[in-house]
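> Line by line, the protein sequences give chains A and B. Numbering-wise (the working numbering), the first sequence opens with residue 1 and increments by one. Numbering-wise (the working numbering), the second sequence opens with residue 1001 and increments by one.
Everything labelled a hint here was simulated from the structure, so no lab data went into it. Treat the hints loosely; a few may be bogus.
To be verified - Cut-off 27 Å, straight-line C-alpha distance, at most; resulting in silico cross-link-like pairs (BS3-like, lysine-lysine):
| hint | chain 1 | residue 1 | chain 2 | residue 2 |
| --- | --- | --- | --- | --- |
| 1 | B | Lys1030 | B | Lys1168 |
| 2 | A | Lys149 | B | Lys1168 |
| 3 | B | Lys1168 | B | Lys1016 |
| 4 | A | Lys149 | B | Lys1093 |
| 5 | B | Lys1027 | B | Lys1093 |
| 6 | B | Lys1325 | B | Lys1303 |
| 7 | B | Lys1098 | A | Lys149 |
| 8 | B | Lys1027 | A | Lys100 |
| 9 | A | Lys5 | B | Lys1114 |
| 10 | A | Lys102 | B | Lys1030 |
| 11 | A | Lys149 | A | Lys103 |
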Amino acid sequence: MHEIKNEKVINYSMCFIYACLVIFFIAHLPVVFISVLAVICAWNFYLTYNNKPKPNSILANILAGAALVLMLFSVGMSDTVILLVAMLMLSSLFKLLQAKTKKHYHVITTLTFFSLSSVYLFNQSILTTLTVSGLYILNFAVLGLLESKHNLKIASKQSGKLLLLALPLAIFLLLFLPKMPAFWQLPGPKLAKTGLSEQVDPFDIAKLSNSDELVFRATFNNSAPNAPYYWRAIVHDEFNGNAWLTSDFLKYNNLKSNSKNDIDEQFIASYSVIAEPASQKWLYGLFYSRSESQNVESNTLGLLRKKNYQAKSLQYDVTSTGLTSTPLNDFENKRYTYLAHKKNVKAASLAKDLKQNTQTDRQFYNHLLQYFVDNKFTYTLTPTPMSGDNTIDQFLFDNKRGFCGHYASAAAYIFRSAGIPARLASGYLGGELNLDNSTLSVRQYDAHAWVEVYIHSEGWVVFDATAVVAPERLNGSLSQNEALNTEFKSNLDFGLVSLSNFPGINWLRLELENLDYQWSSWVLGFDKQKQNDFLKSLFGSRNIWLVPLIVLLTIGICFIAYFVYLNLPKRATKLAPMVKEFYEIQKWAQKQNIKTPKHLTPSQQLQVYMEQSPQSAQSLSAFSQLFNQVRYGKKSFTNERKTQAKDLIKLIKTSK
Amino acid sequence: MPKKVAKGPSLFKSFKTRVFNKLLKNKHLKNTITLEHKTIYVLPSSLGWYFIVVAVLNFVMGINYQNNLILIMAYLMFVVIIIAVLMGYSNAKGLTVKFKDTFNSFSPQKPQIKFELQSPNVCQSVSLTYQGTVQTSQHVYQVSSKTQLLSLPLPYFLRGKYDIQRIKISSNYPFGLVSVWSYIQLQTYVFVYPSLEKVLSDAHVNALDEQSDNGIAKEVGSDEFESLLPHLPEMGLHRVSWKHYAKTQQLLVKEFVDYKKANALFDFTFMNGDTEQRLSQLCFLVCEASEQNTPFMLKLPGKIVNTNTGLEHKQHCLALLSTFKGGV
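If we strip away everything but chain B, and leave its shape as in the complex, we get (with noise of 0.2 Å):
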C-alpha cells in the first residue's frame, strides 16, 4: 500500500501557502533560529482575542451605566494585553532554536526531530509544534541558558519520505494572553522506513555466491593485512606503518580487509505477501544483516544496491524501500 497523498492542496490551501512564504520570504530556512525582531511575530491568541471582547463589553457596560470602577476595569484589561503583547515578545526575544538531528522510524512508529534549545534571558513555556496539531507539540515550561534538548515527535506513521514542514515556535506567557511565534523551516527529511516483519535469514545468504562470481568489493576490515596507504589525518595512529616511518619518514598506514565468509543477497523476488509485507520483510533482514556486519546485496524491481556493509549502506537502502513504489 502506497502512501497516502492529499488529494492535490485545495486551491485556497495553495494560495495560502504561497502567500505565507511571500511573507516569510525565507527568514526562517535555516537550521538555526534565534528570535529577533524580524523573525518574531505577535497577535493576541484565542484567549487573548476572549479577553479584549471581555473588555470591551465592560467598557460599553461603563460607558451606559457611567460607571467609572466598571471602566477602569475596562482601561486595565486593555493596558494589560498591550503590557502583554510587550511581555510575550520580550520573553521570546533571543531564545535559540537549532536542529540537531532526525531519528527516523520503522513504521508505525513516529520520527523524530531532535532540537536544542537555549536563551540568554529565561524564557518561560515555549512550544514547538509540527503542522499545528497538539499530539505532535512539545511544551518547555523554560529555557534558559542552559542548553536544552527537545525531541518533537512527527504525525508520520507510514512508509516514505517526508520533506519536513514549517516548524513552528510559540509561547503563550504571559497568561496566555499573546501568542508570540516564530517559524523553523529545516531543508532536511526523515525517512519512516517499512513495519519490521521476522523471516528467517540464512534463506537468502550466501545466494550470491550461486549467482556470480564477481567476488566482493574490498571491505574495510580488521583481519588480513592489504596494503600501505598515505597517512591522512581522520585516520588516527593505531594503524601507522612505524616501521616505515623509521625507514622513510614517511607516513603510511597499513590497510586490513575482511574476507568475509558469507554474502547475501536480498531480493523483493524472493519474499512472500504483498509489497508491504515484503518491503517489511526486506526491511528486517536488512536491519540483521547490519547488525552482523554482513556484506548484502538488495535487489529490488528495477533498482539493485551492489554488496556493501555498514551504516551508510544500511541507510541508503532502508531509504529505498521506504519510498519504493512498485508492486508485486
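With the rest of the complex left out, here is chain A (with noise of 0.2 Å):
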C-alpha cells in the first residue's frame, strides 16, 4: 500500500466519467435529481481544480442523506431500473466526493464498471457504445493510475490495449458461449416516448410529429409488398365522444392466443421485423400477422403483442395474410356499429344522406372518400384545436384541415352511424425504404390512424381518407412527402431528416441508417435463435457438440500463447552500427575455414582474413577502414555507408 500519486488526474478523470453518465442519464431521471448529480460532480471538479480539502464526512453523509430522501421523492419507487440506477449514480458520486484512499477510489471504479453497462439499458445506438467504450477504457486508465506513477496518457494507452487484447476473446465468447435463457424476470426500464397511444383524440392536438425516433425497421424475405404499409398496432372499437378507445372486451379479446390456422388467406408477405425498445406491449404487422416467434403472441385481430416487457429490441417474424373476411356474429355487428355518444349531429345526418344515395357498402365507402376530396378538405400537421362534444362535425362542416386522427375518427363515426361496423386503427404508415430497397425503417412521424370497415362479401377494409386528401403519403415517408415536406420539417426538431434536401447528407443519413441497421440487426439483435443458426453454419447441425470443446480450446490456446509470448526472452538491444556486417564477415570466414584467435579485436581478425584470402584483401581492407570510421572515428553510419558496406560485403563473399 502505498500512496496515490495521480489524486487529482485520478479526480478530473471520474468527474468525466459521471459527466458522461449524468448526460446519458438526462432523458430518463427527472431534472431535480439529475442538477443534484451534475452540482456534486461540478463540486468535485471544483475541489479538485483549486486543490481544495474534500469535506469532512459528516457533512457529506448528511448531504447524501438529504440527497438520498430527494432521490425517493424525485424518481420515486416505480420503476425499480431507474432506482437502481439513480442510487448508483449517487452513491457512486458521493463517494468520489470523499473519497481519500486508494481503497475509496477502487470502490468507486468498481462501481463505475456497472453503472457504465447500465447505461446501454436504456440505449444501445453505435454512438452510445462508442462513447462508453472510451469511458470504459478511461475507467481502466484510472485502476491502473492508482497503481502506478504514469501519467494519464501512458494509463490510458496501456489500458486500451489490453482492452483491444481483450475484445477479440469477448466476442469470440458471446459468439460461441451458449445463450442462457434469462434467469429471472426484470422490469425493464419504462421508456415515455412512443407516438401511438391507447386512446386516439385528435381534436385537441396542434402540432404532431416532431420526432424522428426510430419505432421498429422491418426486412423483407422476399420482395416487398405494394405500398401503402400499414403497420397494424393497436385496435380502438369504442367511442366516448372526442376519443376512440380499446374496449375491456377488445383487450380480453387481444389477450387471446391465435388459434385459428386458416391457409387459403391470400398471403401478403413475410418479413422480419426489429422493434426499438419500448414500455408498451404491442408490435406492429401488417395486414392480419402472426408471429412464430419467441416473446410474440398472435391475437384474433391479426394484431402482434410481446409476451413480457422487455427494456431492449426485439427482433421477430411476421406472416401477413389479409384482414379477416368472416362474417361476423350478432354480437360484434353491434359492437362495431355502437355509437354511445351521438352528438355530432350534422355528421349522423350525413351518414344518413350518403346512405340513402348508396346500394351497398362499397358504393357508400367510395361515396364518402369522393365526399373528402369534393369538399376540399386539407392536410396539415398543424391542425385548429378544438373543443366541445361535437368536435366531429366542426372538424367535418367548419375547419376541413386536420391529419390521419381527424379523418379516421370523422369516417368511423360515420360509418357507424350509418350502421356499418367500424373500427379505428392505429400503427405507422409507409416507412423509409433504404439503398437497397429491402429494409423499411418506420419513425414515430410515420404514426398514423385509419378506419378499419366490414363490407359484405369482402371482409375488413382498410378506409383512409388521408389517402385522398393527401395522396403522397401513402407512398413512402412523411420525410419523401414533396407536398408535406416543408410543413413537416418546419415541425422536425432539428436533425439530419431535416437537412434530407442535400444529397450528400441525405445519402450520409441513408448510409448512417444502413449502418444503423446493421448494428441493431447483428449486434444487438444476436439472440439464441441466431447464435444456433451460426453454428449450425459453422459446423453443421451434426458437429454441433464440438463447440464446447472448441471454446474451452481457442480460449486455452489463446492464452497460452499470450503467455509465452509474455515469457519470451527480450530480444537484445539493438545492436551498435557495423556490428552486423562484421558479423557476417565473421561468418563468411568461418565458412572459408578461416581461424583467428579469439581474443583479437575486430580490426586484427580483418587483418587475419586479409593474410589468409589475399584474393578479397583489398575489400576487406576497405572494409576495415570503414569500419574503424564508423565504430572508432565518429563518423555516422549514413545510407551511404551502408550501402558502401554491404556492397563490400558482396565483393568479400563473390571473390575468387
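Reconstruct the complex from the two isolated chains, following the hints.
Take a look at the structure:
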C-alpha cells in the first residue's frame, strides 16, 4: 500500500466519466435529481481544480442523506431500474466526493464498471457504444493510475491496449458461449416516448409528428409488397364522444392467443421486424399478422403483442395475410356499430344522406371518400384545436383541416352512424426504404390512424381518407413527401432528416441508417436463435457438440499463446552500427575455414582474414577502414556508408 | 520492563503457521530469492474480487435483459482478469531479491533490513511487506536490470532480539487486479538495543585497576612493537618486516600492541534507576567507550564480559544488553 500519486488526474477522470453518465441519463431521470448529480460532479471538479480539501465525512453524509430523500421523492419507487441507476450514480458520486484512500477509489472504479453497463439498458446505439467504450478505457486507465505513477496518456494507452487484446476473446465468447435464458424476470426500464396511444383523440392536438426517433425496421424476405404499408398496432372500438378507445372486451380479446389456422387466407408478405425498445406491449405488422417467434404472441385481431415487457430491442418474424373476412356475428356487429354519444348531429345526418344515395356498403365507402375530395379537405400537421362535444361536426363542416386522426375519427363515426361496422386502427404508415430497397425504417413521425370497415362479401377493408386528401402520404414516409415536406420539416426538431434536401447529407443519413440497421440486426439482435443458426452454419447440425470443445480449446490456446509471448526472452538491445555487417564477414570467414584466435580485436581479425584470403584482401581492407571510421572515428553510419558496407560484403563473398 | 510477549499464539494462528510452513516447504528459506514458477503465487487481489463480482453482476444483468452489449462487457471483464493474472505473473517472474544486511537500532528507533532488488526484465510496482502491515511496507515503482537498494523498516521498537519473520514480496501490477506474491524467509535476527541514556563515564573508567591486577589482555594496536608473526594473506604488506625477509626469505609481520592507559568497568549494579534505565545507561557507556576505543568490561548480574575493544566486542555487549532478562 502506497499513497496515490495521481490523485488530481484520477479525480478529473472520474468527474468526466460521471459527467458523461449524467448526460446519458438526462432523459431518464427527473430534472431535479439530475441537477443534484451534476452539482456534486461540478463540486468535485471545483475542489480538484482549486486543490481544496474534500468535505469532511459528517457534512458529506448529511448531504448524501438529503440527496437520498430527494431521490426517493423525485424518482419514486415505481421504476426499479431507474431507481437502481439513480442510487448507483448518487452513491458513486458521493463516494468520490469523500474519497481519500486508494481503497475508496477502488470501490468507485469498480462501481463505475457497473454504472457504465447500465447505460446500455436505455440506449444501445452505435454512438452510445463508442462513447461508453471510451469511458470504459478511461476507467481502466484510472485503475492503472492508482497503481503506478504514469501520466494519464500512458495509462490510457496501456488500458486501451489491454482492452483491445481482450475484445476479440470477449466477442468470441459472445458468439460461441451458449446463450442462457434469463434467470428471472427483471422489470424493464420504462421508456416514455411513443407516437401511439391507446386513446385516439386528435381534436385537442395542435402540433404533431416532431419526433424522428426510430420505432422499428422491417426487412422483407422476398420482395416488398406494394405500398401503402399500414402497420397495425392497436385497434380502437369504442367512441366516448371525443376519443376512440380500446374497450375492455377487445383488450380481453387481444389477450387470447391465436388459434386460427386458415391457410386459404391470401398471403401478403413475410418479413422480420426489429422493434426498438419501448415500454408498451404492442408490436407492428401488416394486415393480419402472425408470428411464431418467441416472446411474441399473435391475437385474433391479427395484432402482435410482446409476451413480456422487455427493455431491449426485439426481433420477430411475421407472416401477414389479408384481413379476416369471416362474417361478423350479431354481437360483433352490434359492437362495431355502437355509438355511445351521438352529439355530432351533422355528421350523423351526412351518414344518413350518403346511406340513402347508395345501395351497397362498398358504394357508401366510395361516396364517403369522394365526399372528402369534393369538399376540399386538406391535410395539415398543425390543425386548429377543437373542443366541445361535437368536435367531429366542427372538423367536418367548419375547419376541414386535419391529420389522420381527424379523418379516421370522423370517418369511423360516419360509418357507424350509417350502421356499417367500423373500427379505428392506429399504427404507422409507410416507412423509408433503405438504399437497396429491402429494409423499411419506420419512425415516430410515421404514426398514423385509419379506419377498418367491414363490408359484406369483402370482409374488413381499410378506409383511409388521408389517402385521398394527401395521396402522397401513402407512398413512402413523411420525410419523402414533397407536398408536406416544408411543413413537416418546420415541425421537426433539428436533425439529419431536416437536412435531407442536400443530396450529400441525405446520402450520409441513409448510410448511417444502414449502419445502424446492421448494428441492431447483427449486434443487438444476436439472440439464441441467431446463435443457433450461426453455429449450425459453421459446424453443421451434426457436429454441434464440438462447440464447447472448440470454445475451451480456443480460449486455452489464446491464453497460452499470450503467456508464451509475455515470457519470451526479450530481444537483445539494438546492435551498434556496423556490428551486424562485421558478424556477416565473420560468418563468411568461418565458411572459408579461416581461423582466428578469440581474443583479437575486429581490426586484427580482419587483418588475419586479409592474409588468409588474399583475393579479397582489397575489399577487406576497405571494409576495415570503414569499420574503424564508423565505430571509432565518430563518423555517422549514413545510408551511403551502409550501401558501401553492403557492396563490400558482396565483393568479399564473391571474390575467388 | 521486559519485551512484550504475545500471550501464547492462539491455536488457529499456530495451525495456520504450520499449514503455511508445510505448503511453502522451506522453499523460501534462503537469503536470495529469484521469483520463478515454483515460488510465485497469484490470486486476484481484493480489488480483483470486487471486479469479478461486478463482472458477474454485469453478466447476470446481460443475461436477464438479453443485452449483448452488457454481456460483452461482462466477458471483457472476465478476459481482462485472466490476462491480468498472466501479466502479473510474467511481471514478477525473474525478480531477484537479495538480502544485504540488517541494521540494528537503538530503541525506540526501528531496525531495518537492506535488500538488493534486480530483475532482467522490467518489473513494475513491487512491494516488500513485513508482517502484513502498511507501516512496514516499502514500495518500488520499477525494478530493472540495474541493482536497486531497498531498506525495509521492521516494526520493533522495544529492546530485544527478534528473529526475522517471513517477508512478503508482492506486486499488484497490472491495474491492481491481481496480487502476485512470494516470500523470503531470512534466517537472521535483528537487535533493538536499549535506548541511550547519557551518563558521566569517568566514574567507571579505571575502576578495573583497583579491583584486579590481572592486567589487560593483549590488544592489537600500533604503539609498541611486541613480536613477529608469520605473514598471512589478509594481513597486507605494510607491516611486513622487510629486514627479516631480506635475511631469511621469510615473510614475517611485526605485531604492535597498545598499552591502554585506562580501562573501564561497566557494572549493572553501579547504575541508577530501574532495569531499563540501567541498561540504557550501560548502552550509552558501551557506545562511548567503543568510540574512544577504550577497553571495557561489562558486568551484568550473572554475566561478565571480559575487557576488550573493537566492533565485535561492542556488538556482543550490546546484544547482551538487549536480551538481558534479569531484574534490579
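> Run every hint past the structure and note whether it holds.
Now the hints, each set against the structure:
For the proposed pair Lys1030 (chain B) and Lys1168 (chain B), the alpha carbon gap of about 13 Å is at most 27 Å, so the pair holds. Between the alpha carbons of Lys149 (chain A) and Lys1168 (chain B) the distance comes to roughly 22 Å, so the proposed pair stays at or under 27 Å and holds. Distance check on the hinted pair: Lys1168 (chain B) and Lys1016 (chain B) sit about 16 Å apart at the alpha-carbon level, within 27 Å; holds. Restraint check: the Cα-Cα separation between Lys149 (chain A) and Lys1093 (chain B) comes to about 21 Å, which is no more than 27 Å; the hinted pair holds.
Under the criterion of a C-alpha separation no larger than 27 Å, the hint pairing Lys1027 (chain B) with Lys1093 (chain B) is consistent with the structure, at around 16 Å. Simply put, Lys1325 (chain B) and Lys1303 (chain B) have alpha-carbon atoms about 11 Å apart, close enough for the 27 Å limit, and the pair holds. At roughly 25 Å between alpha-carbon atoms, Lys1098 (chain B) and Lys149 (chain A) fall within 27 Å of each other, so this suggested pair holds. At most 27 Å may separate the alpha-carbon atoms for a hinted pair to count; Lys1027 (chain B) and Lys100 (chain A) exceed this at roughly 39 Å.
Our distance criterion of 27 Å between C-alpha atoms is met by Lys5 (chain A) and Lys1114 (chain B), whose separation comes to about 25 Å. Proposed proximity of Lys102 (chain A) and Lys1030 (chain B) is contradicted: the alpha carbons are some 33 Å apart, above 27 Å. Distance check on the hinted pair: Lys149 (chain A) and Lys103 (chain A) sit about 17 Å apart at the alpha-carbon level, within 27 Å; holds.
When the structure is compared with the earlier hints, violations turn up for hints 8 and 10 and for no others.
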